[in-house]
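Student: Sequence:
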Amino acid sequence: MILSVLVKNLEATEKKRKAHQYSGNDDDDDEIKEISSKDKGKTVASGSGSTQTTLNQLLKKDIKEKTCRQIARFFYTSVIPFNCVKNPEFIKALEMVAKHGPGFKQLY
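Quick note on numbering: the sequence shown equals residues 11 to 118 in our numbering.
Misleading hints may appear alongside valid ones.
[Unchecked claim] Each computed DSS-like pair below joins lysine-lysine, with the alpha-carbon atoms no more than 27 Å apart:
#1 Lys18 - Lys96
#2 Lys70 - Lys96
#3 Lys18 - Lys74
#4 Lys70 - Lys115
#5 Lys102 - Lys74
#6 Lys102 - Lys71
#7 Lys28 - Lys96
#8 Lys18 - Lys28
#9 Lys74 - Lys115
#10 Lys115 - Lys71
#11 Lys115 - Lys18
#12 Lys70 - Lys26
#13 Lys28 - Lys76
#14 Lys74 - Lys25
#15 Lys96 - Lys76
#16 Lys71 - Lys96
#17 Lys25 - Lys70
#18 Lys26 - Lys115
#19 Lys70 - Lys109
#20 Lys76 - Lys102
#21 Lys26 - Lys76
#22 Lys18 - Lys70
#23 Lys102 - Lys70
#24 Lys28 - Lys70
#25 Lys26 - Lys74
#26 Lys18 - Lys76
#27 Lys28 - Lys115
#28 Lys109 - Lys76
#29 Lys115 - Lys102
#30 Lys74 - Lys109
Honestly, the hints are just simulated from the structure, not real lab data. Quick caveat, the model's predicted, so the values are computed rather than measured.
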């Protein structure tokens, strides 16, 4: 039950973020924009400021959703309070695992 509430909360947050992202400025400035390395792989529609989502972005989004669900499942099945995600040590541990990359092995 708690897991479903957490998943629904994550989905609602994602929907709000998307709605906020798409409700941005509607300026019709036809400025020429430089493409930085950050924007590489996105196609900018002339004058509208909208971008085309790349396949990599879709795959990363899917991986992120699966990862968040698995972390929530771990907390739920281990009966760990969900507010532990605010613990600085937990945040630091996740950052270090992310820096290590996909080859990280379990501790035991």
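Student: Can you give the numbers of the hints that this structure goes against, from lowest to highest?
Tutor: Failing hints, ascending: 11, 18, 27.
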